[in-house]
Amino acid sequence: CRTLERGEDFFDQCLEVDGIWVISQEKTHAQLAVPALERGIPMILEKPLATSIRDAYRICEAFDRNPVPLVVPHSLRYLASYRKAKELVDSGVLGRILHIHAIEQVDDHHTVDYYRRGSNMYRSNTTALLAKSSHDIDLINWMMGGVRAQSVASFGGADYFKPRPDLPESCSDACPEAADCPFFGMVEGTDGVARGK
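Residue numbering for the sequence shown follows the working numbering, beginning at 612 and increasing consecutively.
These aren't lab readings, by the way, just hints derived from the structure by calculation.
Built from N, CA and C at the ideal position, the CB exists for glycine as well.
Be careful, since some hints might not be right.
To be verified - Listed next, with one range per pair, are the computed distances between beta-carbon atoms: (1) LEU615 <-> ASP701: 40 to 46 Å; (2) SER686 <-> SER663: 20 to 26 Å; (3) LYS638 <-> GLU672: 14 to 20 Å.
Turn these sequences into a full structure, and let the hints guide you.
In structure tokens, the structure reads:
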């Protein structure tokens, strides 16, 4: 396995591979996916596909010019509960689906990592809707078999994860609330030093 400093170095060195998995920051997906597609390299491209319409079109156009295996994995499709729901929708036992109400819960165990990884939500190039609700959007499209929605509405806000000027910008044991904070965890590195995760 080789480690490279920058994704562009991979393409500059014309390394031969069977495929790649793009798991970089969302805003860099196009700059890695487009050259890979142009070189005919199959890929798994983590969601979201892109963070702008322009980048999404760039990726799609590169794929149209050189269609190789390309997957944007939406793992929830493979959970038994969602497969059963899809089966029920497809069977017609539920009747005609007229309305879908989806809620993305933000709790302090599952989605909190989104707000503390890399840049926080106030500086991020990827919105919570794009990063987290893409699973919901995929499930709805998949279950409905491509039926286009007649209207879509979305409501939300940043009422819980707000900046606190009295606390450090990043999690650390220097934070006065570290001992009781549900968002703080210590990880011991290979050097034996404990760090916040």
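A quick look at each hint next to the structure:
no. : hint                          : verdict
1   : LEU615 <-> ASP701: 40 to 46 Å : holds (45 Å)
2   : SER686 <-> SER663: 20 to 26 Å : holds (24 Å)
3   : LYS638 <-> GLU672: 14 to 20 Å : holds (19 Å)
Checked against the numbered hints above, the structure violates none of them.
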